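Asker: For chain X, the structure is supplied; the task is to place chain D on it using the hints.
Going down the list, the sequences are from chains X and D. Per the working numbering, the very first residue in the first sequence carries number 896; after that it's consecutive. Per the working numbering, the very first residue in the second sequence carries number 562; after that it's consecutive.
Careful, some of the hints might be misleading.
Covered stretches of chain X, going by a simulated chain D footprint (3 or more residues, C-beta under 8 angstroms) [unchecked claim]: (1) 1185–1196; (2) 1235–1242; (3) 1269–1278.
Calculated from the structure, these hints are not laboratory results. Predicted, not measured: the structure shown is a model, and the values here were computed from it. Every residue, glycine too, gets a C-beta built ideally from N, C-alpha and C.
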Amino acid sequence: MTRSIYLDNSATTPMAPEVVDAMSPYFAAAYGNPSSLHSFGRDAHRAMEKSRETIAQLLGARPDEIVFTAGATEANNLAILGAAFAAGGRRHVVTTAIEHHAVLYAAEWLRTQGFDVTVLGVDAAGRVGPGQVRDAIRPDTLLVSVMTGNNEIGTLQPIDEIGRVCRERGVLLHTDAVQALGKIPLPLGSVDLLSASAHKFHGPKGVGLLFVRSGVRLTPILHGGGHERGRRSGTENVPGVVGMAAAADLAFRERDAMSERLRALRERMIATVTQIPGTRLNGHRTESLPHIANFSFEAIEGESLVMRLDERGIAVSTGSACSSPDLEPSHVLVAIGVPLSMAHGSLRVSTGRQTTEREVDEFLGALRDVVDGLRAISPFKVGE
Amino acid sequence: MYTERVIEHFRTPHNMGKLDDYSAIGKVGNIVCGDVMWLYIKVEPDDDGRDVIADISWETFGCTAAIATSSMVSDLAKGKTIDEAIRLTNRDVAKELGGLPPIKMHCSALAADALNEAIYAYLSQEGKEIPEALRTRHERIAKEVAALEKRYEAFADKDKG
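Chain X extracted, bound-state conformation (with noise of 0.2 angstroms):
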């Protein structure tokens, strides 16, 4: 391969030098349990504590309501169960049908412990409103659950408006702010828990974190040692956490920069695509992250599509059924009413801070000619 352009930030991104250099020390070296007593151990305590403090300092959190995990996964996982197994005799949780599977199956498998769950639908650019909450919640409500930004398509939720009715109506407000973070301004103050994880913004795999609003009671889900307040079980990943730290510096610090380059990539990209005829943009005009695009293409499967840029050493992703271990097309796309033989023809473009706008011009380039020689070979002519 000559050159790669990865456009797939949505799915992980690179890890940025700095965050790399930051959390070298602590494999080899600063190597202790933070847990334990000797100089080893407070050492790693230290980079530990300090990390959480710089963290909470730029969600503007207080340190001891940010819980450590290893991944959103997971905190989306403790979210949810932990909340619906504290809430005493409430039994019923909101949320919506275009969240990560790991809300959604969280929350679909509570059904199985003796839960009520309401999954709201979603208009044609994913949009939830305040008001389908509003109706949703019932007096014996605990959660609701609405995610920041969509991974697949981008669109943003109303948060704020939503966490008005849920505290007017007494109920926790759970956020999967995965891809909003260091993207917009985070709804902190209108949510009582938010899940990250550090890949999503150039800091390393395997670590995360959920916010705990001060005053929240979880269950938690993983029993031990009593980590983390007694709320996550489980020796701390140091190297992880002084990662995750660095990389939320640098996000909060370029946050407002990179965003608007990226709306602006965003907006080339929707302008050069829906040019070409048979494509449509799946999800909100502007109502989105600014580093997600995604769209349909008719005549087009989506792996097809994802293997032929590949072959040109771009990386893309689709929400095709072909692509998918279960071989269903993408829940978010059949969610906002894509008909199934264009949400089989989708393709999620998403770019981070070390995407150029001439790899963005190579992939429009290069996009053409793939979608052009796959039709020409499709049973289905566009436009007939």
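Answerer: For chain D alone, kept in the frame of chain X given last:
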């Protein structure tokens, strides 16, 4: 996850497009399921008067595996007599590609089915005798199509809306 042979056929597929003067066409798959294959055959008699697939081509909407299996089945069937071509199975297609991921085996079935359907269409339209095995497969394929359509009915309705 794909073998080199699969990638090779996907990258430079053989016999793609639509034949101008085909004798019959086999259409399988369903767009809502994500795979559609149309296989065109041109049948001509050889010196001994046997029906031979003189030319073959295809148009496919589908994933990497669907395109590679289309290419491979066309290679395997080209030049074969109808009697020989009938005996080609999805296992032959997958084997020649060096194997397929388990979840993609249905693509090789689709390719073999498309060939089956094209031959069935040819023999039917010519009023020729249809071997029992071919008829059985044709009936099985028709049943599967009906089942798929039923399964995706809800989605298909949405498509119309």
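Asker: Hints first: check each against the structure and report whether it holds.
Answerer: For each hint, the structure was consulted:
1. Only when three residues or more bring their CB closer than 8 angstroms to a CB of chain D does the claim for the region 1185–1196 of chain X stand; here the count is 3, and the claim holds.
2. With 3 residues carrying a beta carbon less than 8 angstroms from a beta carbon of chain D, the region 1235–1242 of chain X meets the three-residue requirement, and the given coverage holds.
3. As drawn, the region 1269–1278 of chain X meets chain D at 5 residues by the rule of a beta-carbon pair under 8 angstroms; at three or more, the given contact holds.
Comparing the model with each numbered hint stated earlier shows that all of them hold.
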